[in-house]
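When you get a sec, could you build the whole thing from the sequences and use the hints?
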Amino acid sequence: MNNVFENYERQIYDDKGLIIVLTKRNMNIANWLEKANNYENVRVFFE
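The numbering of the sequence shown is this note's numbering, which starts it at 215 and goes up by one.
Derived by calculation from the structure, the hints in this document are not laboratory data.
Hints may be right or wrong, so weigh each one.
[As the list claims (entries may be wrong)] Ranges between beta-carbon positions, derived for each pair:
(1) Glu261 with Asp228: 26 to 34 Å
(2) Ile243 with Asn221: 18 to 26 Å
(3) Asp229 with Phe259: 17 to 25 Å
(4) Glu261 with Ile226: 25 to 33 Å
(5) Gly231 with Glu261: 18 to 26 Å
(6) Asn216 with Phe259: 13 to 21 Å
(7) Asp229 with Asn251: 17 to 25 Å
(8) Phe260 with Asn221: 29 to 37 Å
We put the CB at the ideal spot given by N, CA and C, even for glycine.
Pasting the structure below:
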């Protein structure tokens, strides 16, 4: 998870966004949502 957000931080584009789609139920959705809330234009979706 940290690698995803570190890669996002390294992007130098002015207008950037990140969409994360979690497809496995064993992934801790709350952790992803909490981390995503620290960034603009980052959204987490899950099935």
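Structure-based check of all given hints:
At roughly 32 Å, the beta-carbon separation of glutamate 261 and aspartate 228 lies within the given 26 to 34 Å, and the hint holds. Restraint check, isoleucine 243 to asparagine 221: a C-beta distance of roughly 20 Å satisfies the suggested window 18 to 26 Å. In this structure the hint that aspartate 229 and phenylalanine 259 lie 17 to 25 Å apart at CB holds, the actual value being about 20 Å. A C-beta distance of roughly 32 Å is found between glutamate 261 and isoleucine 226, which places it inside the suggested range of 25 to 33 Å.
Taken as a hint, the range 18 to 26 Å holds for the pair glycine 231 and glutamate 261, whose Cβ atoms sit roughly 20 Å apart. Separated by about 19 Å at the C-beta atoms, asparagine 216 and phenylalanine 259 satisfy the suggested range of 13 to 21 Å. Look at aspartate 229 against asparagine 251: about 20 Å separates their beta carbons, and that is inside 17 to 25 Å. In this structure the hint that phenylalanine 260 and asparagine 221 lie 29 to 37 Å apart at CB is violated, the actual value being about 20 Å.
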